[in-house]
Amino acid sequence: MAQTEYLLLVVGMGLVTYFPRWFPILFLSKRELPQWFTEWLDLIPVAILSALVLPELLTGSDPRHLDFFRPQLWVALPTFFFAKKTRSLGGTVIVGMMLFWMAAKWI
Amino acid sequence: MGDNAVSPEKIIATKHLIKEGFKAGWPICLGYLPIGLAFGVLAQKAGLNPLAICLMSVLVFAGSSQFIAVSLLSGGATLLPIVVTTFVVNLRHVLMASSLAVYLRGVSKGWAALFAYGVTDESFAVNLTRFRDGPWDWRQAMVVNHTANVAWIGSSIIGAYSGQFIPAGAFGIDYALIAMFLCLLVFQLRGHLYTATAAIAGVLAVILSLLIPGNGYIFLASVLAATIGVVIRRLVVRSSE
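Taken in order, these protein sequences are the chains called A and B.
For the numbering used here, count along the first sequence from 1 and bump the result up by 1333.
For the numbering used here, count along the second sequence from 1 and bump the result up by 101.
Hint data in this document are derived by calculation from the structure and do not stem from the laboratory.
Wrong hints could be hidden among the right ones.
[As the list claims (entries may be wrong)] Which residues of chain A face chain B? A partial, calculated answer using Cβ under 7 Å:
hint, residue
1, Val1343
2, Gly1347
3, Val1349
4, Thr1350
5, Leu1374
6, Val1379
7, Leu1382
8, Leu1391
9, Thr1392
10, Ser1394
11, Pro1396
12, Leu1406
13, Gly1429
[What the hints assert, rightly or not] BS3-like, lysine-lysine: derived pairs with alpha carbons at most 30 Å apart:
hint, chain 1, residue 1, chain 2, residue 2
14, B, Lys210, A, Lys1417
15, A, Lys1418, B, Lys146
16, B, Lys210, A, Lys1363
Glycine is no exception: its CB is placed at the ideal position from the N, C-alpha and C atoms.
Model the full structure from these sequences, guided by the hints.
If you want it as structure tokens, here you go:
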């Protein structure tokens, strides 16, 4: 791809990425929102986090398929309980990493 | 001493804000390291020079879409399809920004515009949790966004120059983001309704990810699960009246 075309590309990518992030912050922070909408938004974070995580634990790629034997899943169980007990983000990240590293070495 | 001078108290307060933001955001930096490195390496293999790679990470700041864009470039795609794909892939951020918006009331337009730039899956998850559990200042949230940003750009550049020399999976670092998301998910399970919504979202996401290529399943599963959650909530409230 030529240089000018690449420049236009990344600028275009930047704009279409930025707009969905900016639009709600600009408009929603300034007005009263209907109750059903705030209730809905209240559930969005837990839904997104789950939607982000669960496929990583239960599916493999190339091509995508269900896989119940991924180390990601096995490590997730103690990691999850560690998070529940300690409620420490940094601690959970480190514990998860260590467990995964060990799992990779032993499988 | 004139009123315009920056008082020692102000400097200490700002330093404290930055420190708190840093403490909240460092797991994200850790998680971004391997992904940014991988991106830098892939982009370089696709023929981009370090400046071009740096530019993309600076202007876009969205990992999954950057990976996809680079692979599309390798396949010879032209500008418009890549930009449209990027838009669709990153559309889920509109949900995240919407959830964050209420906590940014009273922030000036300029700062809000800058804040918006840094909304990613990870910074959203960390900041929203902090805002919820309170007290969390929008400036601390901004620090989270921007330290993550620096980590992303920095690791992209390092990857562009030297990624192939780093062993894959060192210290289990590939798991950093999953571990982070798991912990933040735990923080969000504040009651039965949330657990139910999470279960629905997770199952839907898995099913949809197997049926639809790309990562549209995240947006779809979240929207569907949240909607079902609201309906459940209404039904439960109604039945107890």
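* Asked: Can you give the numbers of the hints that this structure goes against, from lowest to highest?
  -> 10, 11, 12, 14 and 15
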